[in-house]
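S.K.: From just these sequences and the hints, can you work out the full model?
Residue numbers (UniProt numbering), protein chains in the order written: chain E, 1 to 291; chain H, 1 to 376.
Since the hints were made in silico from the structure, they are not lab data.
There's no promise every hint is true.
As the list claims (entries may be wrong) - Reference listing, derived: stretches of chain H covered by chain E, where coverage requires no fewer than 3 residues with Cβ under 8 Å from a Cβ of chain E:
hint: 1; segment: 42-49
hint: 2; segment: 52-66
hint: 3; segment: 169-177
Think of the CB as a built atom: it goes at the ideal place given N, C-alpha and C, for glycine as much as any other residue.
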Amino acid sequence: MTAFLLNLATLAAISGILASTLNFIVGYAGIFSVAHAVFFGLGAYAGAQVALLLVPDPFLACLAAAAIAGGLSLCLALPALRVRGEYFVAASLGLQMVAATLFAELKPLTGGIGGLVGIPRPEILGTVVPVLPLALAALALILFLTARLQRGAFGRTLQSIRDADSAAEALGKNVNAAKTLAVVFACAGAGVAGALYALHLSFINVESFTLDQSIQIMAMVIIGGTGTLWGPLVGAVMLLSLPAVLSFIPFIPPTEVGAVQQIIYGLAMTLLMIFRPAGLVGDQTKGRSTS
Amino acid sequence: MSGPTIGRRGALAAGLALPFIRPATAQTTEPYVMGSLFPMSGPSAEFGEAFTRGAQVALQHIAADNMLRRPVRLQSEDSQALPQPSVVGMNKLISVDRAHWVLVSWTATSKAVAPIGDRAKTIMVNGGAVGPDLAGLSPYFWNVIALAHLEVQVMVPFLVRQRNARRVALIYVDDPLGDGILGQLRTALPRNGGELVGSFSVPRAAQQFGPVVARVRQTRPDAVYVASFGAQNAQIVKALRDNGVTQTICSYSAFGIDSLRTMPEAEGALFTSQKLDLTGAHALTSRFAADFQARFGQAPLVYHANYYNAAYLFGLLAKQVEAAGGTVNGDSLRAAMLATRKFDLVGGEGEFDEQGNMLTQMQVNEIRGQQFVAIG
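M.R.: Listed below in structure tokens is the structure:
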């Protein structure tokens with residue numbers, strides 16, 4: 001049981017990083033990206049290549065992942081500066097599709113659809129270490145930075161952009177710089193999550209970085225509560241652990257396991273959004289239909 | 001006089017813990033756990049159901065024959081054919097269910113769980129994925145299905161000599177499976193007097209194949225080899241026929257599923273598979289066919305047979321380990337496999353190599369009248 005729970009906790013911490021970083025641009029800056037899995041993937045491939053070609057040092061892998069994902073996040077920041085709302089969703093969707101195709105085609109770097117196999121387990125000073133404490137430390141750091149940024153001038157600027165970017169610009173806020181910085185921070189965090197994911201699974205391929213993954217991260221943020229510090233984390237734990245809990249339901253015929261679990265999973269999410277429309281941690285005065 | 005008392009919280013805790021408390025002696029009669037990690041939801045669920053049915057009949061036979069001292073329980077987990085759910089499921093099978101043997105399928109699932117099974121020394125048996133890169137993933141990862149490159153070596157001579165189809169075009173998914181088949185066709189066709197007249201890769205998620213089919217037609221092939229998997233195979237076949245390709249369509253064992261068997265456009269398609277003569281004199285095959293028909297109301301297909309073999313092999317090996325007085329675990333099962341190598345399985349004798357890959361006889365099948373008919 002211990003190994004099962006540790007594995008779930010590790011994946012929950014990694015998902016928590018993803019959801020928290022996406023929340024930073026969705027909840028605070030109002031940038032609705034459906035391409036977060038792209039930067040998760042960039043980080044994963046970068047971290048995996050560091051471990052495979054150089055040394056399985058988790059800090060080096062995370063650093064490389066954050067640099068590459070953060071650097072290439074300008075691909076997302078550029079459309080974010082020009083369009084907003086549903087138009088940005090479409091732009092990020094395009095980026096997601098292009099990236100998924102490149103992940104599948106750039107075989108020397110990504111292994112193509114076959115992926116990268118045999119990624120070594122992380123080592124610190126020659127000792128193999130589990131990913132869980134690393135993931136928890138990264139999650140804590142990102143939550144701390146998010147809280148600090150949110151409370152400071154930068155956070156207030158982002159929230160003013162989210163609520164009315166023209167007004168924010170009229171008040172002298174540098175909207176473009178704030179949006180770009182927010183995107184770089186969020187994507188670098190997603191890259192760190194990717195590196196940890198690659199080191200934990202020892203195998204990655206494009207199937208982990210598709211639009212489905214981006215949507216699941218978005219669902220974690222929405223179900224947990226957008227614009228809150230703890231909501232995305234709660235959403236990540238909830239969406240990740242629910243299928244695992246459902247797998248313990250006894251007496252389901254083996255051939256019906258998937259269907260029954262998926263139906264319960266879908267129903268639970270639907271009911272949750274009906275009764276907690278602002279998410280599990282969000283302000284319940286928001287989110288309800290007023291009609 | 002007052003005796004020892006128990007508080008309400010204590011009573012509640014004891015009550016909740018009761019299902020998990022078992023007498024120590026129960027361990028010897030606890031069932032062996034056979035895990036399965038198949039896609040049981042989503043577009044590939046059809047495969048998961050087929051795989052599971054094959055394993056269920058094997059467990060039925062193991063129990064009916066009293067092969068083992070302990071019963072065998074099948075614990076199914078839904079892999080969704082994706083790496084992350086597969087890893088969660090594998091960890092549960094190993095650390096919660098204490099699985100002795102895990103049936104796996106799908107390339108991504110296999111690669112994702114192989115390191116976990118390797119560390120836990122749990123045998124994983126694949127009977128569905130055929131990517132050539134699945135050989136040698138781990139000493140504890142075995143294949144009871146011929147990997148794709150071996151299937152091409154059977155199809156090519158048949159096409160050239162029996163169907164006089166010398167010009168072959170290939171539509172393939174750009175992954176290790178597709179690359180493996182492309183490489184094999186490039187060498188096998190010239191060696192047998194044929195020619196690869198065109199090769200067209202398609203993205204894994206593609207659903208529209210009109211432009212690819214137009215290019216295939218331009219090559220004027222005698223046959224079109226399709227190297228994809230899952231629902232995409234059926235979509236490619238339909239696109240070929242809808243766009244006027246009347247030449248022979250051929251593929252590997254992934255064509256051996258009901259959705260293609262009953263598809264009008266797939267009529268006449270050829271595919272290779274492991275040898276499975278349900279009407280022959282081989283006792284185990286006949287028994288499997290009869291019991292499968294009785295239980296599920298349909299004749300078994302190749303995938304059913306593969307996972308029957310994958311599950312039945314556990315019975316054969318665990319029986320050996322029990323007879324030798326050993327403990328059934330990954331190491332003892334592997335040692336038994338390496339010591340025996342040849343096993344009587346559905347379809348005939350299967351022989352394993354050092355890496356755990358089963359070598360077996362192959363056959364060419366044709367989809368004829370919504371039936372799979374062995375023709376070579």
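S.K.: Which numbered hints turn out to be false for this structure?
M.R.: none
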